[in-house]
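Student: Each chain, written out:
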Amino acid sequence: MKRLGSLFHFYIDGFRNMTWGRPLWILIILKLIILFAVLRVFFFKPVLGGKTDEQKSEYVGTMLTKDH
Amino acid sequence: MDSALILWSRAQFAMTAAYHWLFVPMTLGLGLVMAIMESIYVKKGGEFWKKTAKFWQKIFGINFAVGVATGIILEFEFGTNWSNYSWFVGDIFGAPLAIEGIFAFFMESTFMAVMYFGWKKVSKGFHLASTWLTACGAAISALWILIANGWMQHPTGMAFNPDTVRNEMVDFWAVVGNPVAISKFFHAVLSGWEVGGVVVMGICCWYLLKGRELEFARKSLLIGSIVGVVGTLGVILTGDTSAQHVAKYQPMKLAAVEGLENGGSRAPFSIVPGVEIPGMLSILATHDIDGIVPGINDIINGYVDNEGNVIPSLEEKITRGNIALSAFQQYRSNVDSDPAAAAEAKLILDENMDYFGYGYIDSPEEVIPPVDMVFWTFRIMIGCGCLCLLALLLSLWFAYKDKLSNKKWLYWFGFICIPLIYIAGECGWMTAEIGRQPWTIQDLLPLKAAVSGIEAASVKTTFMVFVIVFSLFLAVELTIMVKAIKKGPKVEEQNN
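These protein sequence lines map, in sequence, to chains X and V.
According to our numbering, the first sequence holds residues 1 to 68 in order.
According to our numbering, the second sequence holds residues 1 to 496 in order.
Treat the hints as calculated values from the structure; they're not laboratory data.
Certain hints may be false.
Dumping the calculated SDA-like pairs for lysine to any residue here, alpha-carbon to alpha-carbon at most 20 angstroms [claimed, not checked]:
1. K45(X) - K51(V)
2. K66(X) - R332(V)
3. K460(V) - P23(X)
4. K486(V) - R22(X)
5. K51(V) - I36(V)
6. K403(V) - W206(V)
7. K219(V) - F48(V)
Please work from the sequences and hints to get the whole structure.
Tutor: Take a look at the structure:
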């Protein structure tokens, strides 16, 4: 528990004392928000999302043979 | 399948991969440079080497921060634009990517944190180990990605299951030990060293041009040049191995890269159109001047390879591909109602599975990659790489002899190598990836079967969104990077 506490403080102190790293972290967080809260939610919906494995197999099998 | 959909899906994937590849090689190369700098600090002691190590770690951190997670976008695209492909590849592709994601996250979040936050909190030795492990973590991440990529170029260690419509791993070590993946891994990591070395050289040359940070620039330049030269020589050696793999497993790619219509033994290497070295291509591809290198027409018409194997014509491959696809269809129709017919269809499918993807091919033109594009991207890669090697060797020589003063021509040469090495790296990937068209998985799945059944307009929209988002992030990265370089290493004392 003590070790976990010092590990926690290691990270907290590190973030608190950052100088040039601060804008980089803002950039990383901004990027992750754009990736997961905007692009992933609104633009990149997996075509096979929501299907069971059997349904996925059926769907892809049909797609692969439909023009044959 | 809609050709506009394929075009936009490819353009989007190519743009995302090219953007991602702007950051990866510098992470690989600068990781090594900063670890060497810190090792010297630990061995020699003194503020100079500590500041030097911290400065290159700062540049590494900026590059890493902007590059991190750009690879995730490629995974979004797999699920949305390439859903047939994503399902068809099964866990063979997913497993290495998952290992990479978990491994990279733990290695990077742990050791990078120690590297940046731990200067005053852990021992010198532990800090140094963390820096080396951060550098190694990046290379190990690259290994898993390139195992996945190598499998697409030369699929091995799997069996197709017509029930699940997926390829299933039957031999983990065949996948991990895939010779194409191994040579790609070393080629990519060593090219990262070259990029790291050239970027260090370029930045140092800029300081020398400006007449500031002179001691830092001279000493960093020496180390950067050594890393760059070692990386470049490694790239040449692994490039040679890669050429032999391409000749063996993807002969159409090699024929396209050389613009070779009709091949044979003693095949010439074309430096530029009209300037050829007789027999050189045979030597490069097979290490034998009499080695056979098939041309585009030979591959279309069929030929006998260097081991005496008869390689079927495209027409025969298409016939066998159609047989495989029909058998797959038969299997699916009969699997629940007529097990005997399904078993017979499965046998036929297994016999012809190596040609499965050819069942989608309608004409010879479809299997020929864009020859002009790969011909020139390959030569631009070689040309830029050679210029960078020359600059590295000159920098190394003058830095070693301590004769760097008043060599403005060298400073400029070293500085302009920064864009040249990026052009070389991007052209290398273009040659490798465009050269294997139309295959998403060599011989098994062409683009038109791999792409999702979605609207081209939606892919076009996301392509435009990416252009804006990527441009903004790149502009931000370059601004922060230039600002950090302009400040120089002297401001490092109080920083992380």
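Student: A separate judgement is required for each hint: does it hold in the structure or not?
Tutor: Status of the hints after comparison with the structure:
no.: 1; hint: K45(X) - K51(V); in the structure: violated (47 angstroms)
no.: 2; hint: K66(X) - R332(V); in the structure: holds (12 angstroms)
no.: 3; hint: K460(V) - P23(X); in the structure: violated (32 angstroms)
no.: 4; hint: K486(V) - R22(X); in the structure: holds (18 angstroms)
no.: 5; hint: K51(V) - I36(V); in the structure: holds (13 angstroms)
no.: 6; hint: K403(V) - W206(V); in the structure: holds (17 angstroms)
no.: 7; hint: K219(V) - F48(V); in the structure: holds (10 angstroms)
When each numbered hint is compared with the structure, violations occur for hints 1 and 3.
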